[in-house]
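S.K.: Protein chains in written order, with our numbering: chain A, 162 to 419; chain B, 712 to 879; chain C, 187 to 570; chain D, 31 to 472.
It is possible that some hints are incorrect.
[As the list claims (entries may be wrong)] Taking CB as the label site, the calculated pair distances span:
no.: 1; chain 1: D; residue 1: Thr390; chain 2: C; residue 2: Tyr273; range: 27 to 35 angstroms
no.: 2; chain 1: A; residue 1: Gln403; chain 2: D; residue 2: Lys98; range: 43 to 51 angstroms
no.: 3; chain 1: A; residue 1: Glu411; chain 2: D; residue 2: Ser260; range: 46 to 54 angstroms
no.: 4; chain 1: D; residue 1: Lys324; chain 2: C; residue 2: Arg378; range: 25 to 33 angstroms
no.: 5; chain 1: B; residue 1: Val733; chain 2: D; residue 2: Ser260; range: 33 to 41 angstroms
no.: 6; chain 1: B; residue 1: Ser861; chain 2: D; residue 2: Asp397; range: 45 to 53 angstroms
[As the list claims (entries may be wrong)] Now the stretches of chain C that chain D is said to cover, found in silico as 3 or more residues with beta-carbon under 8 angstroms:
no.: 7; region: 252-261
no.: 8; region: 318-329
no.: 9; region: 461-474
no.: 10; region: 505-515
In short, the hints are calculated from the structure, not lab data.
The beta carbon of each residue, even a glycine, is placed where N, CA and C say it ideally should be.
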Amino acid sequence: MTDSEEKQPTRPPQADKPGETPAAPSGAAPEKPQAGGEEKPAAPAPPAPAKPATPAAPAASGAVPPKPPAPGAPAAAKPAGPPPPPKEPPLKPAPLENDLVKRYKARFGGAILEAWLDRKQAILVTTPDRLLEIAQYTRDEEKFDYLVDLTAVDWPKREKRFDLVLILYSFPKNERLRIKVLLADGEPVSSVESVWPTANWLEREIYDMFGIVFEGHSNLKRLLLPEEWQGYPLRKDYDILQQDEDWIRENLGIESGQ
Amino acid sequence: MLNEAIFYFFATLAIISSILVVTRRNAVQSAIFLVTALLATAGIFLNLNAEFLFIVQVILYAGGIMVLFVFVIMLVNLDVALHQVQFNRQWFVALIISAVLAAQVVAALLVSRGTLYAVAPASPETLEPNTERVAFSLFHTYMLPFEIASILLLVAMVGAVVMAKKRV
Amino acid sequence: MSDAFDNFLPGGKANVETTVLGADEIILNMGPQHPSTHGVLRVKLRLDGEKVVGSECVIGYLHRGVEKIAEHRSYQQFAPYVDRMDYVAAVSNGLGYCEAVEKLMGVEAPPRARVIRTILTELQRIASHLFWLGTHALDIGALTPLFYCLREREEILKIFEKYCGARLTTHAFRIGGLQYEAYDELEKDTERFCRGFDKRVDEYEALLTENRIWVGRTKGIGILNAADAIAMGVTGPVLRASGVQWDIRKAMPYAAYDQYEFSIPTGKNGDTYDRYLVRLEEMRQSRKICLQAIENIPSGPILGKVGKVLKPPPGEVYHAIEAPKGELGYYIVSDGTTQPYRVRIRPPSLVNLEALDQMIRGHLVADVVAVIGTLDIVLGEVDR
Amino acid sequence: MDLHALLPFLFPVLFALVIVAVLPLIAGYIVLVERKVMADMQVRLGPMRVGPHGLLQPIADAVKLLLKEDIIPESADKLVFWGAPLISVTAAMLALAALPIGPFFQIADLNIGMLFILGISSLGIFGIVLGGWASNSHYSLMGALRSAAQLVSYETSAGMAIVGALLLAGTLSTRGIVQAQADDGVWFIFAAPVGFFIYLVASIAETNRAPFDMPEAESELVAGYMTEYSGFRWALYFLAEYTNMVVVASIAATLFLGGWMRPFANTRVFNVLDYFPLLLMLWIAGYCWRRTPKQPVFVQKVFMAAVGVLCLILAAVITLPVIAPQGSLLAAAKPGIHGAFWFLFKVGAYIYVFMWLRFTFPRYRFDQLMRLGWQFLVPLSIANVMGIAIGLTLHRQLGWPAVPALLLGIALTLGAAWYLISVGEKHEPAIVGEEGEGAADA
């Protein structure tokens, strides 16, 4: 806990850039990349402006392994995730390069690390430092007005161990978008509560479960677990037995029989 | 005999409760004893065959006013009162006033010694249609004063409403 | 805080320094043991008299760490757990999970399975709404609708029982299709229920819709306008009552919803009364879907091509369905092993509950109860 | 001391003892009836386990309540906490003293009868308020405050509604009121229907029953002023509540429903109605016997049959005076027995309406309740008194025939009601909108 709380300077975007080079076979062209990903039926919304873009992958974002590569240290990225099995092509995450991504890249440049399509669902990877701007832009310009969910995934062996995942939906476009923010342990990230008020509790839950600290959150305390809880349960290295033994030793003064 | 026993019972109850009203620190308990005192007085009225007065005492004082009292007491902060000095030290003033009052009562008793029992108490029968008699006096004999009084009350009530309303 | 109030109670801690005038603000702890917080929700209310000036929800009393459990179970093993989140609508939970994993695996359930899934899910929606209506009416003081609602819900639960042997936590579906083949009279039972159900809804309406007290208690209470509703992320009937015509069944159809005709009821004012009307209409629409679905259940296999051991290729998927309470989403990350690397469940109840504070401000304590009821939360899902 | 001097006290004391002894039982059975009625309206069966058809449920409940631990919260004001339920019960029971259950069965015929009942039953508030305060809990206190406000508000309109009927009767004595209805040949419900309606609403509110059960609104305040009470003390509150129901129903029966009089008491043709009790009892007995074979246990079969027999005995007791020859002792007992039957029947019917309303309506919100009380019922009850007074003046002083005069009075009152409703409807949305905007702003 103490580790995670000490503030680390936000990584300059340049530092991240060289990291994302693990070249994956870019020949696996995305079959039908859409920004929204989801199949679109007759929906109240007009068809999305984001058209399938040419997969002319610029150097900045090659097709990548299933998970975002660990920035800065490609070597460290490997062990966390399993090797990408080159099986059924449609399930394979494919790089995404459509208008939407281009707009993002044009606007935020280095902050957008990469974009890909996984199971026809669009994913955008960013750095934490400009998250608030990106969020603002996403809501106001790209009309992703509904923050469906905000969660995190822990990859303990990666250098930036957390994925902060924003799942967004646009009512006007009937599209979903996922924004991933790569975070190191203890690296503060700005709260998007001001952009989507619903993030209030969702961020509290992430803080509760992962120990990610959101700056500018109005009331950052544990949501589901009691205030005095030790540790962050959804981290991969969380050990309930250890917790139990500690608690018993501390409160009952005996050794746990577990 | 029975009547006297009843009277003394209620009178004692009234006095004890009245003392408790002023000596209790807790305002709610004081209010309870005030209700007891009022009810004891009502009992004395009933014993005197003044049923209407009895029920007016119960409805208005015990049932109406005291409920509002208790209500208000519950709304205000009792905490302050609980810790204030209950009796101040000007006991000599109280003593003088009590003495004067006692002297008055004694004097009145002495002066009227001969005449106090001269008037025989009215027999219960003459009081019988109690309510009707009160009603007759109020709505017939003293019609005008009664109406004036009620208008006065109405004005007071409207005034209170207006004053309270202004704040909102 | 509530000092002024506490102090004056007989056992309150006396504190001479407190010079607060009167009982201006008190803190009322509603729950976790309270008749109308629908489980173990605790709401700390700041009251001015009986008027709510602020509130804070304390949740987590029912937290079981479902998301953590998921990381230590295989994909099939985890399926029964999701039934225990929104235990009033277990079938919907199961549908969402199964479809999410199917999407992750890149398989699809066969048509027959999808239609039966749709029927059961819609029945479950009716059951969930019935339960909501009963308890909501009970909160507002109408005792009787609860029992009428439970009577109808019972019929649905009997259909579930006949289908899969369980009534509440059904675990009715299986990744890739159905757990069980439909029993012989499924269509007949469903039809019998649906035929009679419209009149039952009329019955509830007769008790409540025009009732002056009911209208007085629900109209203008807990208003959430469309912009706020979207900002707060509320979904389901709560969102639709605010006037946003959005239903995942239409927007991004799953199961077999694209084959059926139904409308999405919406409200105007976004108040408790509108939410009540929307849910009633949704029940009627669900009935309509069921009737359409049983007319033509395709024959064929009920299970798609999935192996005994599920090993989805690495990657991630977010799949959401329109659960009775709103958008129920599953975000599943696979690392290529037999166990999910991470399962995130997007519970509609939790997000809807978040809007509670905004909805009850300025209302009275009695309205808090009405608003909690109208949000239709299930604490098993809020806390997971 | 002369025993003769005590003789006048004999019957009242006896009656009082009977009432105090029997009332808890009656209250218990009212609860059972309420549960049964509720179950019937809610497609269920209700209590069925203790005794056949749950007939012994009240006794089981009573035993349970008596044996339960009497929990007193640590920081409660012990003395007040103990005493509060007693105040409620005492007040409720005292009020029964002036009620005539049939022409012979009354503890005291006070010439201030109605006022006495009103005054004494209004003291019951103290039990609620003090109990709520002494419990030292926010829920209890809020229940108590609501209760006090509600009772004070609705007592006003209930009192005014009663005044209307009293004007018609010209006396405060309960016996005199019934007599007046007998003499006029009309129950006051027909002479003052609006007054009856006001009293019905106000009495529901005064007994804290749904849809006006704010003080104990279980979904908001858990149990209101009773939240911290348990066991016997809780039972006392319950007893007080149900006694109060009996009291208000008795008042309504006495004032508006002709007290102990049979319907159409003065019309010979309707003497057939004297056999109504017989039919009722026979029907109940028949039902009992029909259900007897279906009871699972032998003891229950016997019990069920015995209940049927009991009904037959009652039927005999009620019917014998009717068929007995004129001038016999049995015939002389007829007014007493039949009076008691009809009085209790009316009380029962009134209480049934209470239950019916409770299971049909949602609960009012507190501000709505107050608005209804002060902005509708109180003005309406004043209009009612004025309407009746106008009718009576026309009749008694200007010599109009009674029926048109009273009808005019009723019409005036209804006009006032219509006006109040239209005004209320004009204002209500504004208030709701105001609240709504406030919520949206926040």
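S.K.: For each hint, tell me whether it holds in the structure or not.
M.R.: Checked hints:
no.: 1; hint: D:Thr390 x C:Tyr273: 27 to 35 angstroms; verdict: 30 angstroms, holds
no.: 2; hint: A:Gln403 x D:Lys98: 43 to 51 angstroms; verdict: 45 angstroms, holds
no.: 3; hint: A:Glu411 x D:Ser260: 46 to 54 angstroms; verdict: 37 angstroms, violated
no.: 4; hint: D:Lys324 x C:Arg378: 25 to 33 angstroms; verdict: 29 angstroms, holds
no.: 5; hint: B:Val733 x D:Ser260: 33 to 41 angstroms; verdict: 35 angstroms, holds
no.: 6; hint: B:Ser861 x D:Asp397: 45 to 53 angstroms; verdict: 30 angstroms, violated
no.: 7; hint: 252-261; verdict: violated (count 0)
no.: 8; hint: 318-329; verdict: holds (count 7)
no.: 9; hint: 461-474; verdict: violated (count 0)
no.: 10; hint: 505-515; verdict: violated (count 0)
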